[in-house]
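Model the full assembly from the supplied sequences, consistent with the hints where possible.
In order, the protein sequence lines correspond to chains A and B.
FYI, the numbering for the first sequence is 5 to 187, going by the numbering used here.
FYI, the numbering for the second sequence is 27 to 229, going by the numbering used here.
Just so you know, these hints were derived from the structure itself, not from any lab.
In this text, a Cβ means the ideal position worked out from N, Cα and C, and glycines have one as well.
Fair warning: there could be bad hints in the mix.
[Stated by the list, open to error] Restraint ranges, calculated between C-beta atoms of paired labels, are given here:
| # | chain 1 | residue 1 | chain 2 | residue 2 | range |
| --- | --- | --- | --- | --- | --- |
| 1 | B | H30 | A | N77 | 48 to 58 Å |
| 2 | A | R84 | B | E49 | 40 to 50 Å |
| 3 | B | Q55 | A | T81 | 36 to 46 Å |
| 4 | A | V154 | B | L59 | 42 to 52 Å |
| 5 | A | K65 | B | R37 | 25 to 35 Å |
| 6 | B | A117 | A | D126 | 53 to 63 Å |
| 7 | A | K65 | B | I128 | 44 to 54 Å |
| 8 | A | K111 | B | Y109 | 46 to 56 Å |
| 9 | A | N77 | B | D28 | 34 to 44 Å |
| 10 | A | V154 | B | Q55 | 19 to 29 Å |
| 11 | A | K65 | B | Q43 | 17 to 27 Å |
| 12 | B | I120 | A | V52 | 29 to 39 Å |
| 13 | A | K140 | B | S36 | 17 to 27 Å |
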Amino acid sequence: MSRLIRSNDNRALTELYARYSSKLLGFFMKMFKGDVAKSQDFLQDIFVRIIEKKHLFDTDKRFYSWVFTIASNMCKTEFRKPFLMSISNDDIEHENLMVSDDNLSDKKSFKRLLKQKVHRLDYNHKAVFILRFNEKFSLKEIADITETSVGTVKSRLFYATKKITKELQEYNPKNDSNLFKIN
Amino acid sequence: MDKHLSKNESRLHELVQSKNYSELNSADQKFVLTMITQVDYELERHVIVTASTLFEDEEKAIPAPLLIPQKSSGVLLRSMPIYQSLLAVAATVIFMLLVFPIHTENGSLVTKTEYIVKTDTVEIEKEIYKYDTIYQTVEKPIYIKQDVIVESNSNPCVSPIQEAPRLLQSSQTMRFTDLTEQLTDTKGTSLKDDNLSSLIVEF
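As structure tokens, then:
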């Protein structure tokens, strides 16, 4: 496959698209709050970049990780735009309504609330959280994708989980204890 | 920025990711309880387990057909690595420097000096020409004027400035010999012999 990638063979590109397009589209949608149009644009864009930067691919590494490195960098660039980081008032109001109307014990309600909390994370925590718990990458692979160390990945994962759990804790009236007494 | 995890934090996080609280052995349960409560552990575990199925809808999305971009046919439109671009730019700059070397400030000064020397030579030649011209243009109209004066002398009219010569007519001349001798006699009388003079001295 790597030889086909290096050559200008369209069959290689078609094969790559068949293998990884669904995974990549899913990753973009998770990162961009389910925005289908933007995710489809990013999916097309990433394959253009794969063609342009195929000379940068290290054949000793997994192609899957390399593709996700490009995807991660594209998301990072997009997250630097200020409008993505801001949370509209509509989101907050919707969140409060959901909490007041539904019970946390309800699985669907919990999922919706958890998804909102994940979307409110900053890029570093969100990318690590999704790559670990949704895309099922190992810590080493995540370190390669995010171009950091394994220790940094562990730390980001720990604090991302801690932050989400702490915010969910606030909506649980049965629990009045503090999370993670370690700090 | 997140700080790195301690050993206990790292161990706790590994347990949360791998096992429910009920699945922990007694030693692990004791360790967990030194860090957080059982409820907190179960909530964190629930978050992690739910997260794996959190984006089921997103994973069902169907990707749009790939639009393969047209290959660039020309050499100029073809993409190339950055190092190749930099090498090309460096080669172009070196070639341009070899063909059109940069003139330093000293070099330009030398050129100017040579130009001044040439100009001076030309000026010297001009001065020589001026010198010759002076010799040629010098004329003496004064002599011409004198000639005119000479011509005016040839006129018979007597100038009022110039007196006519008065000539003695020898035929009417009388000679007084004694008087002449007396007047021209240089031999005098000494003071002691002159009576008149002695009177003056006595006075």
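Next item on the list: Return the numbers of the hints above that this structure violates; sort them in rising order.
Entry: 1, 4, 6, 9
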